[in-house]
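Take these sequences, add in the hints, and give me the full structure.
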Amino acid sequence: MTQDSGMLKHTLRRLLGLLPTLLMLITVTFFMMRMAPGGPFDSEKLLPAEIEANLNAKYHLDEPLLRQYFRYMGQIAVLDFGPSFQYKDWSVNELIAQSYPVSLTVGGLAMLLAFVLGTTLGIAAALRQNTRVDYSLMGIAMLGISVPNFVIAPILILLLAVYAGWLPAGGWDWGIASMVLPVVTLALPVTAYIARLTRGSMIEVLHSNFIRTARAKGLPESVVIRRHALKPAILPVISFMGPATAGLISGSVVIERIFSLPGLGSYFVTGALNRDYTLVMGVVIFYGVLIILLNFLVDLIYAWLNPKIRYDEKY
Amino acid sequence: MALLELKDLNVAFEIPDGEVHAVTKLSFSIDAGDALAIVGESGSGKTQTMMAVMNLLAENGSASGKALFKGEDLMQMNAADLNKRRGKEIAMIFQDPMTSLNPYLRIEQQMIEVVMHHQGLTRAEARAHAIEMLRAVRIPDPERRIRQYPHEYSGGMRQRVMVAMGLLCEPDLLIADEPTTALDVTVQAQISQLMTELRAKSNTAIILITHDLGVVAGLCDRVLVMYAGEAVECGTVEQIFYQPKHPYTKGLLKSVPRLDQPDDSGLEAIPGNPPNLLLLPEGCRFRERCPSAHDACRDTPPMQLDGQGHAWRCFLGPTDE
Ligand SMILES: Nc1ncnc2c1ncn2[C@@H]1O[C@H](COP(=O)(O)OP(=O)(O)O)[C@@H](O)[C@H]1O
Ligand code: SF4
Ligand SMILES: [Mg+2]
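Heads up: the protein sequence lines correspond to chains A and B, in order.
Residue numbers for the first sequence follow this note's numbering, so the first one is 1 and each next one is one higher.
Residue numbers for the second sequence follow this note's numbering, so the first one is 1001 and each next one is one higher.
Check the hints yourself; a few may be wrong.
[To be verified] Derived coverage of chain A by chain B (criterion: at least 3 residues anywhere in the stretch with Cβ under 8 Å from a Cβ of chain B; other residues may be distant): (1) 223–236; (2) 302–309.
[As the list claims (entries may be wrong)] Residues from chain B that keep clear of chain A, each with C-beta distances beyond 12 Å, as calculated: (3) M1001; (4) S1062; (5) H1118; (6) L1121; (7) R1123; (8) I1131; (9) E1143; (10) T1181; (11) A1200; (12) A1293; (13) D1306.
No wet-lab data here; the hints were simulated from the structure.
Heads up, the beta-carbon is just placed ideally off N, CA and C, and yes, glycines get one too.
The structure is reproduced here in structure tokens:
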């Protein structure tokens, strides 16, 4: 069997294996939402009993829970997430379609920034191990990891938007200026984590025997690092990118609120507060699929970069 | 002029407990085309001596003294000048074949980069040369094998690749650090055989580090015996094997299994342990374990020379038992 067809088989098998995970996620979210006290129409105080009953009937909320569950599963099987309870004139599909580009742009840019900047800084620190550059970079990284988004955001807003006036304090117009603060704030903790991760793995790799062999060959140090050390040093970062996605998504819910971005995160928060079952379910499923797909992609890239895995999976 | 001459080489490692004196005032030389064996128990400083010569010491290590290669001191050389020699004029094969190749690169890449870098060959020329070299070390089907990754090779095969890689630029000096220790006995014999053949073909000088005295006799002209970071005896293979002068060398020879003795009855390892390299004793470093130790040995013994290239560090004279 050739290596490539082995890879393809492996890929398909992995993809099928992801379906139960998704099913589980949907089921757990569905029942958790219903278990939370209150219902979608509670805020509209003093609704006459018969009107509330009518509403419940209209949305099948009067049916037994299990039946609702199967009805819902049948619905999303054809990718229909139903009407929003809160935004009455909108379907959940429409709300997601209109807001996800903002979230994906912020999240994607943050991830890119975190990866590029994090690995670069990590390598720079590793190559200057135990110098002042290394210590300051890692000190800043430690700060970046331990100070949460919702603390960094107001500080940046205060400095760069309010005092300096260089950037808008919030809002979204698809212009670069409106992207800078949210993207940077979201990327910071991940960048810091990646920098530390890269530094550690680069230092470890530089101590390995095969690097000594490369040096004994008389290759210049820059070639030793680029050709021999870079790939193994980056591998742990690649596998971190999967879990990092989940972190970025939860971070983006906060960031979108702080910077008033019209993204998925804002809908998720208002949806959850108002028991807008269908909206919350829609956003959760969207995020869930995204996380699963990205983890899957990360696995593929990892396997592609690592000849041992490629080989082991090819039977 | 000697090909490589070490003068008073010291190697020390900084550790939290103090300074590990791995090599102390080591001097020896090897001529072009010669084969020198360095023997001694594990921890006697054999590997670190060569790491110092190659400027590959760990970060906590430092070296002083001279390592004159063709008259130029490798220890004083800048990185660029050193890199013109490493891999091209001096090649080194490491102790552990399993971890010494890059697991993320094909054998092809790891071999051709040496010749492309040092001899400016094109990729195709380098590849052809590498395949030829793999064939010389008897890797079967080298055209296909060269496309593979290290984990698709066995330990013995990897060490052959290391040998082939070391010889790509026809170096003047090949340093082989226990090239067969990690391998099983039949593969050991094959690799030693291979090095003997390659030596006969080219004019490459070899420094063979080993604690297998059996291999030494077949491959080498001269032997340097190290103990606790010092040279304790040096001479031709005949001098060392048949007229050993230093009690440590005699002990080592007694611990080698011999074909002319039917069982292991004559085999005796030297009792005791080498001294702590953090806290070296005054006087002879072998004193604690030496069957001939006497009062004079509390002083540092001189290197004695017999005028025929045989030297030993001991108070005992040439005829003492
Ligand atoms: N990086 C290091 N830090 C501290 N001690 C070291 C280091 N590398 C080697 N040593 C010590 O130096 C001594 C000589 O080691 P080595 O030359 O590898 O011995 P061998 O003769 O077995 O090749 C050993 O005691 C070893 O523990
Ligand atoms: S100097 Fe003394 S202790 Fe050392 S080897 Fe010679 S006889 Fe033994
Ligand atoms: Mg060794």
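Hints versus structure:
1. 223–236: holds (count 5)
2. 302–309: holds (count 4)
3. M1001: With a cut-off of 12 Å, M1001 of chain B remains clear of chain A, as the shortest Cβ separation is near 22 Å.
4. S1062: holds, 16 Å
5. H1118: Incorrect as stated: the minimum Cβ-Cβ distance to chain A is 6 Å, not above 12 Å.
6. L1121: Since the minimum Cβ distance to chain A is about 14 Å, L1121 of chain B lies beyond 12 Å and the statement holds.
7. R1123: Non-interface label on R1123 of chain B holds, nearest chain A Cβ at 14 Å vs cutoff 12 Å.
8. I1131: holds, 18 Å
9. E1143: About 17 Å separates E1143 of chain B from the closest Cβ of chain A, which puts it past 12 Å; holds.
10. T1181: Answer for T1181 of chain B: holds, closest chain A Cβ roughly 14 Å.
11. A1200: holds, 25 Å
12. A1293: At about 39 Å from chain A, A1293 of chain B clears the 12 Å cut-off, so the statement holds.
13. D1306: The assertion about D1306 of chain B holds, with a minimum of 36 Å to chain A.
Hint 5 from the earlier list is the only one contradicted by this structure; the remaining hints agree with it.
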